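S.K.: Could you put together the complete structure from these sequences and hints?
Those sequence lines, one after another, are chains D and A. Residue numbers for the first sequence follow my numbering, so the first one is 46 and each next one is one higher. Residue numbers for the second sequence follow my numbering, so the first one is 46 and each next one is one higher.
Just so you know, these hints were derived from the structure itself, not from any lab. Warning: the hint list may mix true and false statements.
What the hints assert, rightly or not - Stretch by stretch, here's where chain A covers chain D in the computed footprint (C-beta under 8 Å, at least three residues): (1) 106–112; (2) 116–124; (3) 275–288.
Unchecked claim - Over the 12 Å line for every Cβ pair with chain A, so calculated as not near, a few chain D residues: (4) 167; (5) 303; (6) 321; (7) 334; (8) 405; (9) 416; (10) 443.
Said to hold, decoys possible - Only some residues are given here: those of chain D computed to face chain A with a beta carbon under 10 Å: (11) 56; (12) 64; (13) 99; (14) 128; (15) 144; (16) 148; (17) 190; (18) 340; (19) 343.
Bear in mind the structure is a predicted one, so any value in this text is a computation, not a measurement. Ideal Cβ placement from N, Cα and C applies to all residues, glycine included.
Protein chains: 2
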Amino acid sequence: MALVVQKYGGTSVGDVERIANVARRVAKRHAEGDNVVVVVSAMSGHTDNLINMANSITERPEPREMDVLMSTGEQVTIALLAITLRNMGIPARSFTGSQIKVVTDSAHTRARISDVETGGIKGTLANGEVAVVAGFQGVDPSGNITTLGRGGSDTSAVAIAAALGADSCEIYTDVDGVYTTDPNLCPKARKLDKISYDEMLELASVGAKVLQIRSVEFAKKYGVPIHVRSSFNENEGTWVVEEDDSMEQVIVSGIAYDRKEAKVSVKGVPDKPGIVAKIFGALSEENIVVDVIVQDIGEGGKASLTFTVPQTDLSKTLDVIKPVADELEAEEISANKEIAKISIVGVGMRSHAGVAAKMFKVLAAEGVNILMISTSEIKVSCVIEEKYTELAVRVLHDAFGLEGPAPNIE
Amino acid sequence: MALVVQKYGGTSVGDVERIANVARRVAKRHAEGDNVVVVVSAMSGHTDNLINMANSITERPEPREMDVLMSTGEQVTIALLAITLRNMGIPARSFTGSQIKVVTDSAHTRARISDVETGGIKGTLANGEVAVVAGFQGVDPSGNITTLGRGGSDTSAVAIAAALGADSCEIYTDVDGVYTTDPNLCPKARKLDKISYDEMLELASVGAKVLQIRSVEFAKKYGVPIHVRSSFNENEGTWVVEEDDSMEQVIVSGIAYDRKEAKVSVKGVPDKPGIVAKIFGALSEENIVVDVIVQDIGEGGKASLTFTVPQTDLSKTLDVIKPVADELEAEEISANKEIAKISIVGVGMRSHAGVAAKMFKVLAAEGVNILMISTSEIKVSCVIEEKYTELAVRVLHDAFGLEGPAPNIE
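M.R.: Right, here's the structure in full:
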């Protein structure tokens with residue numbers, strides 16, 4: 046008898062028919078004798094409707110009240126799923142974030158989980174009932190309703206699985222698992238049977254949308270095995286787990302791309318200490334997240350600084366750095382949205398040399414110019430012109446042997 | 046500086062424009078220096094949508110989960126109203142029933158309030174903020190979400206006003222107040238300036254839809270003055286208050302009618318002890334509420350029993366009493382939906398004789414046959430043929446001098 050936490054996203058619970066599908070899946074597991082905790086999101090579209098209502102009042106609704114509003118989305122889903130399960134003869138009991146409690150800090154609309162009380166859920170499971178839990182939401186120490194931000198239901202599910210000491214956390218989605226790269230871009234993409242937390246973190250951070258980064262961080266911290274799988278079939282998906290020896294054999298596990306960043310260059314600034322801090326300090330104050338950063342020294346002691354930011358933050362970025370650049374007597378500011386960031390990820394890089402060099406060579410052979418480079422222990426990212434995105438992904442997928450069913454050992 | 050509880054129903058908060066109207070009204074009162082607690086219902090139509098979703102799953106959704114579902118309705122409204130108030134520069138803070146807490150028993154979908162904690166609201170008011178409260182909902186001692194049943198927001202408002210020791214509870218609705226009778230039926234109907242709790246209770250129990258009975262019971266028990274008024278203008282409405290001497294001068298305060306009952310007769314039953322108990326015991330077990338009851342002894346020691354039930358319960362009633370009537374060897378069961386109950390209500394009846402006789406005389410003079418009669422200390426009800434409803438209301442309204450601006454003193 047296993048204790049399993051299942052999480053279903055908004056598409057999987059999009060209407061009462063789909064909720065019935067979820068209920069049948071839960072019922073099957075329950076009938077097999079497992080203890081089941083189901084974490085659900087708001088029905089797809091529901092959250093957007095709520096946001097639109099609030100935005101029709103004001104562009105900047107009070108965050109505390111937005112959380113009161115948004116949290117009704119999952120509350121509707123848990124009630125409908127519990128009603129459906131009960132109607133099928135499966136004992137079930139719903140819990141809001143406040144009822145559990147999923148304790149968070151007070152950062153409304155982007156709260157972080159600090160504790161999960163498990164008494165209520167454990168009591169329900171001990172009664173042989175299914176616990177149906179609202180994802181995405183929690184309660185702060187003063188009793189205010191909080192939400193975790195978009196995609197927070199993954200984090201809810203993993204945090205609850207960690208607190209319960211669950212055997213696994215199943216994340217149901219509309220794809221079969223984690224792929225070597227986006228199958229829409231690269232027909233040779235292959236579903237991975239397993240991947241390490243660190244690789245998943247790197248892939249998520251560079252554009253793979255399967256799992257929320259915070260949920261993977263939680264899973265890694267508490268050692269919760271995640272099973273990413275489809276809610277539309279019974280296939281085995283991808284296990285996200287602790288790194289093991291076999292993973293080291295695989296140099297590159299996946300390739301991700303991100304076309305939602307923009308590149309900003311500040312050229313001709315004096316090469317003196319504190320310049321970088323000045324620019325990035327100003328951006329940080331505006332909560333603009335800077336990704337890849339490259340600094341190089343040109344002629345005459347002048348430096349140029351190039352970095353990427355989300356395209357949605359580009360105009361704000363330019364507003365912020367203009368006065369700073371003026372103050373620094375920079376010669377030029379330029380921006381470019383037509384870029385893509387291509388990343389290869391794999392724990393095998395730690396023990397294999399020449400992986401980055403191979404990536405550069407493969408891209409160069411296709412005439413793809415590399416604009417920026419950034420590396421971590423298990424990742425190499427290259428910023429290239431956007432028009433080469435598909436080409437780059439496909440040639441790298443081939444070059445690192447990702448299409449094969451066997452591990453790509455060099 | 047007064048402490049006022051305002052309650053706005055589903056029509057008054059039906060969309061964001063109407064919510065803005067409510068917010069302006071609240072803001073005005075707040076600007077005058079009063080402490081304001083606003084209790085709101087779900088946006089009109091919202092609750093029905095939720096019920097329809099649940100009913101598309103099953104006709105009998107689990108009551109506990111229905112409450113989880115339904116309570117999202119008011120939660121959406123409190124969030125939107127608080128967002129609107131904050132956007133207007135009025136400090137405001139929303140509270141769900143669980144957050145306050147409005148403690149109820151565990152009778153899901155029709156819970157009764159046992160206690161209202163006021164710490165949170167008082168703290169909010171002390172900060173100069175408006176408290177925006179979800180009506181209709183509460184929480185049981187185990188932390189389960191409960192709802193009070195349709196119209197429960199009135200009861201929430203009065204209970205919260207009682208717990209806070211508010212100076213008054215304003216119930217905003219789409220009419221100007223309590224009328225001597227339904228203005229749609231009788232053009233001479235006049236708005237009452239004030240009415241006693243007992244009269245309001247009788248009027249509500251016999252078909253006047255302005256206030257929920259339980260809210261009036263609460264107001265009477267705790268001496269909360271209720272001000273029923275329109276959310277669409279600034280007119281004074283009707284005060285529902287303790288009885289005072291001037292009220293005794295008025296014999297009849299209002300006339301109500303109810304066309305939603307059906308009359309059932311069981312004829313030719315043996316006139317023996319325990320017969321009535323047998324029939325009504327069976328109905329009670331099915332939660333069928335019996336209203337007017339008349340028993341009379343015919344020839345040969347046989348009795349006939351006539352009573353009214355809600356039309357919606359008629360077929361169930363007949364199913365229930367058929368076997369009982371067979372067992373009692375009753376001669377005949379008959380039913381009639383084409384009836385109406387006309388009631389005159391007034392505390393002056395206590396000190397004035399002949400009120401019922403006058404009612405019968407007035408109806409007889411118009412050829413209206415009286416099928417059943419029922420009286421209380423301050424009410425006389427006659428069941429008549431439905432087709433005479435308007436005629437009966439109008440002639441009684443005239444006969445008891447209700448149209449005049451002055452009290453109708455005999």
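S.K.: State for each hint whether it applies.
M.R.: Comparing the hints with the structure gives:
no. : hint    : verdict
1   : 106–112 : holds (count 5)
2   : 116–124 : holds (count 6)
3   : 275–288 : violated (count 0)
4   : 167     : 15 Å, holds
5   : 303     : 33 Å, holds
6   : 321     : 39 Å, holds
7   : 334     : 27 Å, holds
8   : 405     : 52 Å, holds
9   : 416     : 43 Å, holds
10  : 443     : 49 Å, holds
11  : 56      : 18 Å, violated
12  : 64      : 8 Å, holds
13  : 99      : 6 Å, holds
14  : 128     : 4 Å, holds
15  : 144     : 6 Å, holds
16  : 148     : 15 Å, violated
17  : 190     : 8 Å, holds
18  : 340     : 43 Å, violated
19  : 343     : 50 Å, violated
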